[in-house]
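Asker: Can you make the complete structure from the sequences, with help from the hints?
Numbered by the working numbering, the letters in the sequence shown go through residues 1 to 419 in order.
It is worth saying that the hints were derived from the structure and are not from the lab.
On a predicted model such as this, the values are computed, not experimentally measured, just so you know.
Hints may contain errors.
Unchecked claim - Quick list of in silico lysine to aspartate or glutamate cross-link-like pairs, EDC-like style, CA-CA up to 16 Å:
#: 1; residue 1: 374; residue 2: 333
#: 2; residue 1: 207; residue 2: 178
#: 3; residue 1: 363; residue 2: 401
#: 4; residue 1: 136; residue 2: 182
Claimed, not checked - Just the calculated beta-carbon pair ranges, DEER-fashion:
#: 5; residue 1: 93; residue 2: 6; range: 34 to 42 Å
#: 6; residue 1: 409; residue 2: 168; range: 49 to 57 Å
#: 7; residue 1: 393; residue 2: 226; range: 33 to 41 Å
#: 8; residue 1: 168; residue 2: 117; range: 24 to 32 Å
#: 9; residue 1: 193; residue 2: 226; range: 26 to 34 Å
Each residue gets a CB set at the ideal place from its N, CA and C atoms; glycine is no exception.
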Amino acid sequence: MSDPKEYFKQPVFHLLGKELLRRYWLNGAFGNSVGLSLFSKVDTDPLRSFLGMTVLSWDQKKRIQIVDLEQAFVESILEWSLSDFVVFITKKPLALKATFEQSEALAFEHFKATVNTIDASFTSLLTERQLKEWWKKKLPNLLIFNQVSNAIKSLPKNDFLRLPVFAYKVTGLPHAFDENNDGGVLFLQMLTAMSNQLLENQIELEKAEQRHGLLNEFYLLKDDIMNYAAIRGLTARDAKNKENQMWRQACIEGISWNVPLKEILRMTTIHPYIGEKVLVVENSGIYSILVELLPEVPILCSSGQFTFAIWQLLRKIASTGTGIYYSGDIDPEGLGMAQKLKNTFGSQLKILGMNQQNFKLVKSDLTMSNSRLKKLDSLKDYQLVMLGKLIHEEQKVAYQEGFLQELIKEIICEFRDET
1 MSDPKEYFKQ PVFHLLGKEL LRRYWLNGAF GNSVGLSLFS KVDTDPLRSF LGMTVLSWDQ
61 KKRIQIVDLE QAFVESILEW SLSDFVVFIT KKPLALKATF EQSEALAFEH FKATVNTIDA
121 SFTSLLTERQ LKEWWKKKLP NLLIFNQVSN AIKSLPKNDF LRLPVFAYKV TGLPHAFDEN
181 NDGGVLFLQM LTAMSNQLLE NQIELEKAEQ RHGLLNEFYL LKDDIMNYAA IRGLTARDAK
241 NKENQMWRQA CIEGISWNVP LKEILRMTTI HPYIGEKVLV VENSGIYSIL VELLPEVPIL
301 CSSGQFTFAI WQLLRKIAST GTGIYYSGDI DPEGLGMAQK LKNTFGSQLK ILGMNQQNFK
361 LVKSDLTMSN SRLKKLDSLK DYQLVMLGKL IHEEQKVAYQ EGFLQELIKE IICEFRDET
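Answerer: In structure tokens:
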């Protein structure tokens with residue numbers, strides 16, 4: 001072997017080096033001996049030969065002494081100390097855990113002090129864990145802290161501003177506070193710490209919609225043109241209790257329109273133009289049919305998902321005491337949506353069309369997957385639980401298109417006194 005160091009690249013020496021490094025890290029010393037059980041899964045013959053021991057004497061040993069290892073390395077052609085060997089094997093300098101942790105603690109405190117000079121609100125609002133995560137990122141500079149500090153001081157007041165426009169005004173970069181980069185993450189962390197929203201008001205929202213809600217609390221809008229609700233028969237009033245003419249005229253004309261999030265947020269109260277009930281449907285196709293067949297019924301469509309716009313609309317409707325009536329497919333997703341609404345609006349929410357009779361009438365031949373069936377475990381409302389059991393037992397679902405006539409009859413019955 002031309003290079004004597006090659007001899008020590010065998011597995012038994014790697015295990016030995018790693019064990020000695022671990023001991024030094026914890027205690028600042030290599031100890032007195034090493035148990036041979038450490039090497040039970042590798043060939044120990046190279047280590048035996050290096051120590052100059054016979055096979056017989058080796059087999060009788062249970063431990064090797066550290067002093068014997070030190071002497072063997074010093075007397076070797078490399079004239080290594082045991083420390084030299086450990087560094088060669090592990091490619092790491094010998095270090096004490098306590099010393100390292102002390103050094104890290106000092107570095108972290110220095111980081112916090114630097115951040116504090118930029119803006120003291122970072123260290124007062126962010127958690128110790130959040131600050132430590134930012135420190136561990138080893139950012140090349142703290143530019144994002146300066147940017148976010150300026151952003152917090154420049155938040156809009158009483159008038160909504162789109163996030164890219166706000167970011168450009170503060171930093172010159174429209175995407176500086178996008179959630180997929182460091183600036184956006186830090187900005188959202190600070191807004192979360194400053195937020196007055198209660199967690200229970202957010203519990204039914206997906207994470208993306210929670211972010212919408214957080215931004216909107218500080219008069220910032222994200223993708224509001226795509227975050228809308230399809231409605232018909234709803235009117236609204238502003239902060240001065242003045243009825244909005246656009247909403248009113250749409251009701252008079254019987255027009256279905258897509259109201260963007262910004263308009264929903266701008267209104268103080270939203271309620272049916274006629275009566276005190278509103279119908280919520282999840283299926284855009286069913287919505288279109290009902291809009292035509294039931295022109296007097298106030299109605300909105302969730303398009304299969306409850307976006308932040310839908311939740312804001314429903315909360316403002318509910319705050320007026322309006323009764324909310326929901327219809328969806330009798331499947332895990334539809335039942336799940338109904339349960340979320342029940343969780344939020346309680347007895348103010350009534351369910352239409354989603355019953356055992358309609359399920360048995362039009363259940364499909366589609367076989368259910370286990371992942372979809374698992375969604376039924378979250379149901380709590382008795383009516384929904386019983387439907388969930390039916391789905392689980394028969395592994396079938398029922399779509400609104402199949403029980404549309406039955407649904408229409410039920411809607412007419414419930415809304416008879418409203419029109």
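Asker: Hints first: check each against the structure and report whether it holds.
Answerer: Verification of the hints:
1. 374 <-> 333: holds (11 Å)
2. 207 <-> 178: holds (15 Å)
3. 363 <-> 401: OK: residue 363 and residue 401 at ~11 Å, within 16 Å.
4. 136 <-> 182: Roughly 13 Å separates the two Cα atoms, so the pair holds.
5. 93 <-> 6: 34 to 42 Å: Because 22 Å falls outside the window, the suggested range is violated.
6. 409 <-> 168: 49 to 57 Å: This hint holds: roughly 54 Å between Cβ atoms.
7. 393 <-> 226: 33 to 41 Å: With Cβ atoms ~40 Å apart, the hint holds.
8. 168 <-> 117: 24 to 32 Å: holds (26 Å)
9. 193 <-> 226: 26 to 34 Å: For residue 226 against residue 193, whose Cβ atoms are near 28 Å apart, the range 26 to 34 Å holds.
Going through the hint list in order, the structure does not satisfy hint 5, though it satisfies all others.
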